[in-house]
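**Q** Sequence lines, in order, name chains A and B.
If you count by my numbering, then the first sequence holds residues 1 to 517, one letter each, in order.
If you count by my numbering, then the second sequence holds residues 1 to 517, one letter each, in order.
Hints should not be assumed to be uniformly reliable.
Stated by the list, open to error - Lysine to any residue pairs mimicking SDA-like chemistry, simulated, CA-CA at most 20 Å apart:
#, chain 1, residue 1, chain 2, residue 2
1, A, 489, A, 228
2, B, 183, B, 117
3, B, 413, A, 477
4, A, 489, A, 439
5, A, 369, B, 228
6, A, 413, B, 366
7, B, 369, A, 412
8, B, 369, A, 477
9, B, 438, B, 37
In short, the hints are calculated from the structure, not lab data.
All values derive from a computational prediction rather than experimental measurement.
Protein chains: 2
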Amino acid sequence: MRAFLRALAGAICLQLSLTALAAPPVVFTTDEAFDAASVSAYTGAHDAIYAHIDANLPAHLSELQRWVRQPSVSAQNRGIQEMAALLASDLEALGFRDVALVPTAGHPGVFGFYDAGAARTLVVYMMYDVQPEETGWQVGAFDGALVDTDLGRVLMARGATNQKGPERAFLNAVASTIAVTGKLPVNLLVVAEGEEELGSPHFPEIINAYRDRLKAADGVMFPFNSQSPTGEVGFNLGVKGAVLFELEAHGAPRGGPQRAEIHSSLKAIVDAPAWRLVQALATLTTPDGNDVRVPGFYDDIRPPTFDEQRLVNAMAKDSAAREAGMRQSLAVDRFIDDLTGRDLIARQLFGTTLNINGLWSGYTGVGMKTILPHVATARLDVRLVPNQTPGGQLERIRAHLDANGFDDIELRKLSGYPPAQTPLDAPLVSTAISVFNKWGHVPNVAPRLAGSAPYYVFTDWLKLPNLAVGLGHGSGAHAPNEYMVIEPKEGSSIAGLADVEKFYVDMLYAMAEASGD
Amino acid sequence: MRAFLRALAGAICLQLSLTALAAPPVVFTTDEAFDAASVSAYTGAHDAIYAHIDANLPAHLSELQRWVRQPSVSAQNRGIQEMAALLASDLEALGFRDVALVPTAGHPGVFGFYDAGAARTLVVYMMYDVQPEETGWQVGAFDGALVDTDLGRVLMARGATNQKGPERAFLNAVASTIAVTGKLPVNLLVVAEGEEELGSPHFPEIINAYRDRLKAADGVMFPFNSQSPTGEVGFNLGVKGAVLFELEAHGAPRGGPQRAEIHSSLKAIVDAPAWRLVQALATLTTPDGNDVRVPGFYDDIRPPTFDEQRLVNAMAKDSAAREAGMRQSLAVDRFIDDLTGRDLIARQLFGTTLNINGLWSGYTGVGMKTILPHVATARLDVRLVPNQTPGGQLERIRAHLDANGFDDIELRKLSGYPPAQTPLDAPLVSTAISVFNKWGHVPNVAPRLAGSAPYYVFTDWLKLPNLAVGLGHGSGAHAPNEYMVIEPKEGSSIAGLADVEKFYVDMLYAMAEASGD
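Next up, chain A with everything else stripped away, as it sits in the complex (with noise of 0.2 Å):
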C-alpha cells in the first residue's frame, strides 16, 4: 500500500510539473525576405596585389604546405608547441609586434598586433590546432599532398580546410598587400588558439588577457571556406551557446550499493540507480523526448528580431531540396512535428535542445552479465538561444529534478557558454556581403548555426561583429582525406587560392572604406 500511494504521489508530481510545458511556436511578424543582392557590391580594384598574388602562388601554396605538415593534434599534445612558435614566427616576419604566445591553463594562444596607423581594426580569429588523423587516409594526413579530384587539384592534409588552409590564405593576401603598398589598410589584431577542437576551454583566458586593445577594434574575422561544393556561399550571424553537463545515480543517497555492483538477483531488496537516472531524466521531457518538462526552460528565449525574420523568410525559398537533403544525409525520414520550410529553419536555429550525447550504466560488453550497477550516468547538452544562460538552464534543471523528489540526482556541469549574435546591421556585415557580391557570390546569409562556438567572448565581451568568412571549399574537417580546392576544374564556381587570397585583401580595403560605423 506503501508502494502504491508512492506510485500515486509521483504520478501528481507529474501531472503537475507538466503545466503549459512545451517548446513554443517562433512567431513571425514579417513575410519579408531579406536580399542579399541589393546590397551594393564591393567596386574597388586592387589589381597590382592581385598580380602580385598570381605571381607568387606557387610560393603562397608552399605556405600553406608548410603549415599542414606541421602536426599540431590538441588532443594528444602533438606538435602543439612548436605550430605555435610558427604562427608567432610567420606574424612577426610579416611586421606584427607585440608577438606573444599566451600562456593558458591548457595549450597557448597566440597574439599579434599590425599596427597600420588606420582608422579602422580587424580581430583576426584564428585557430592553430587540428583533429587528431584517423584510418582510411589515401595520402599522408601531413604531407601537405596535392590531390587531383573531381572538384580540380587540391591540398589534402589535416587542417586544409579546418583551418589552416584559409588562415594561411588571409596571411598571404597580407604578405602580397604589404609587398606591393607597404602597409595594410587596417590594423590587425590577431588571438589564435590552439585548443579549437577541444571545445576551447580556455579560449576566454587569451581574449581577456588582451580584452582593452580588442575592444577598441571594429569587428571579428575568422578565415573560413565558404563555399560549397557547388559554390554557393553562405555564412552565419551566430551560433548557439552550449552547456554540457551530466546526471548522476549512485547508490548512495537512497539505499542502493555504493561501492561496487552486486547480483542482480538483490534488486528484489536494494535501490538501483539505473532505475532512479531513468526516471529522473524521463520527468526531463514528454513521452516523445521532443519538448523539455523543465518550468521556466523555455522562458528566456527573445523572439527572432524583425531582421532575423527577413534572414530565415530568405532562407524559406525553394527549402524543399535543401530538405531532402538534409534527410539523406542525416538519414533520416521525417523532422519533429513533420515540420517543413521556414518552421523547419526557425525550430532549428531558434529552437533550444536538450539532448543525451551518452548514457551507460552497469555491464554494457557481449554476453550477459546479470548485475545490479551502483552508478548510472547520462551526458547531456543543452542549445542556447538568446538570452539563455548556462547557468540559468542548469539552475532550472536542478530544481526540477529537486522538486520532484529526485535530489539525489547528482548533476555535474561540465563545460558552458552563452550564444553569440551578430545583427544584420552590423558594418562588418554589409562588407562582407558587399564583398562576395563583388566576386558574383550573392551569400545565403542565415541569422545563426545550429552549433555551438563560445563567440560571446567577441560579441558579449568585447561587443563587436564577428564572422567566418572568405571565398574558397574544402571539406571533411573531422575526417579522412580533409581537403581545400587550390586548382578548381575549368568552369567551376569554386574560387582557387589566387581568389581566396584576393577575397581577403577586398575585405580589408573594403573594411577600411566602409562609411559606417
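Use these hints to put chain B onto chain A, whose structure you have.
**A** Just chain B now, kept in the frame of chain A:
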C-alpha cells in the same frame, strides 16, 4: 499546442496505467517455524566404508588434485574436451555403464549409469567447467596446491569448491562404498554439463536426451559444500527463474537518425532514440524504481505455501546479525521500504524483480562528444517466482509498451527459464536433513535462493526433488584463491575431506533406507 496536447495525453496514459500496480505484500497465514532439529537424525553407521575412506585419504585427495589440474574453462573452450573425457573415463573406472559424451549445440554433456540393481535411483547433477582464472592468485590456479590458511589446510585451485572438489569427493565416496561392499545401495544416473558458468544454455538438451531414464529416478543431488566458514549448514529448496532481454530504441520508426549518430545540435529538429528508450523504461516502474507498473506483472505469483512460510519463519529468527552482514558486504545503508526480519526475507525470496543490468547509448568515453545517438539499448532481467513464466512476463511488458505508445521500442529476448521448486515434504529433503542432523549440523533450510538456475529441467520436466547438499566448506568460486577445506583447524566445525565423503556415503544409504516415496 500540439506538443502540449501530446504531453497531456502522455500524462493521462501514465495515470491510467498506474492503477493499483505495486508489488503485492507477501501474506503470512502462520507464525509457526519449521524446526529442522525435529527431523530424526539418520542412524545408519557404515564403519567399514568410513575406515576405507580414512585409509585412502591421501589417494582421494590426489583425485581432487587430478581434477583441478585439468583446466576446463568453458568461456574460453580451454580443456573442455579433455575434462569431459576425464570425467567419462572416471565413471567407467567406477563401474558406470552407458557412459557417453552427449553432443549439444555447445560443449558436450557427460552421462553415466551405475546399475546397483537397487529400488531407488539418484540422479547426480555435475558441472565439469570452471570460471576463467583472474589475476591475484597466490598459487597457480591450476596447480592443485595445498595451502595452510586460518581455516586449516585447503586445496587452493580454480574449481576447488565450484565444483570439482565436492563432485570428486562424492565419487571418492562411491569408490570406497563399492570397494568395501561390492556395490552401491542406490542406482546412480550422472548427468554433467560443461557450460554451467555460461548459464547452462544447452543443459536442457542433455536432460532431454535421457529424459525417460532420468524421469524414473527418485531425486536429484548436486554435490555441494554446504557449510559456512563457521561450519553452519544451509541449503535451498528452489531457485528463481529468470528471463533476460534487451529493449532498444532506433531512429527509424519515429524519424530519428537511422544510420549513425548525428550532430547533437540537430536535436532541435530530429527525434532522439535515447530519449525514447528512457521514456519507455520509465513507464515500467514507479519513480523509485522498486515497483513494476506493467499490468499483470504480479498476477501469477502464487502465495507462499504453509511449509514455505514455516521455513521463512525459521530463517527470520535472529535475523538482525544476518542483515547487518548483508548491509556490510553489499555496501548498502538500507533495504527497500526499510524492510527487516521476515518481511525482508519474504521480499527477497518471494518477490519478482525487474532490473537494469546494463544501459548504453552514444559516446560513453572520456571527454565529451556532442552527438545525437541513433540507437539506445537497455539489458534487463526479470527474476521469476512460482508461477511466473518467462514468456508471460515478456508478453506483458510488450503489451504495456504498446499500450503506452512505445511500439517503436524493440524487445529482444536473450534467454529465459522458469523457477524450480522442491517441496519441503519431498522424501529427499527429509533424508538430507536427517543425515545433516546425524553429523551434528542441523541445517538452515531456505524455501529458495534469490538467484537463478535452470533446475526446472529437474523439478518440472522430470518431476523430481532437487537438492545441492553436502558437508564441507569452500569459497572464492568466481574469485582468486578459490579453495576447499581439506584438513580443518583443530576445533573447527568444518568437515574435512574424510567427513565430506562419509556424509555422501550416508546420503546414499539413507536414501536407500528411507520409507517415504
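**Q** Work down the list of hints and note, for each, if the structure agrees.
**A** These are the hints, each one checked on the structure:
Taking the CA atoms of residue 489 of chain A and residue 228 of chain A, the gap is about 14 Å. The hint holds against a cut of 20 Å. The straight-line distance between the Cα atoms of residue 183 of chain B and residue 117 of chain B is roughly 9 Å, inside the 20 Å bound, and the hint therefore holds. A hinted pair counts as satisfied when its Cα atoms are at most 20 Å apart, and residue 413 of chain B with residue 477 of chain A does not qualify at roughly 41 Å. Taking the CA atoms of residue 489 of chain A and residue 439 of chain A, the gap is near 18 Å; set against the 20 Å cutoff, the hint holds.
For the given pair, residue 369 of chain A sits about 26 Å from residue 228 of chain B by alpha-carbon distance, which is inconsistent with the 20 Å threshold. As the CA atoms of residue 413 of chain A and residue 366 of chain B are separated by approximately 15 Å, the hinted pair is consistent with the 20 Å bound. Pair hint residue 369 of chain B plus residue 412 of chain A holds up; C-alpha atoms about 16 Å apart against a cutoff of 20 Å. With a C-alpha separation of about 15 Å, the suggested pair residue 369 of chain B and residue 477 of chain A falls inside the 20 Å cut-off, and the hint holds.
The hinted pair formed by residue 438 of chain B and residue 37 of chain B meets the criterion: a straight-line CA distance of about 10 Å does not exceed 20 Å.
Checked against the numbered hints above, the structure violates hints 3, 5; every other hint is satisfied.
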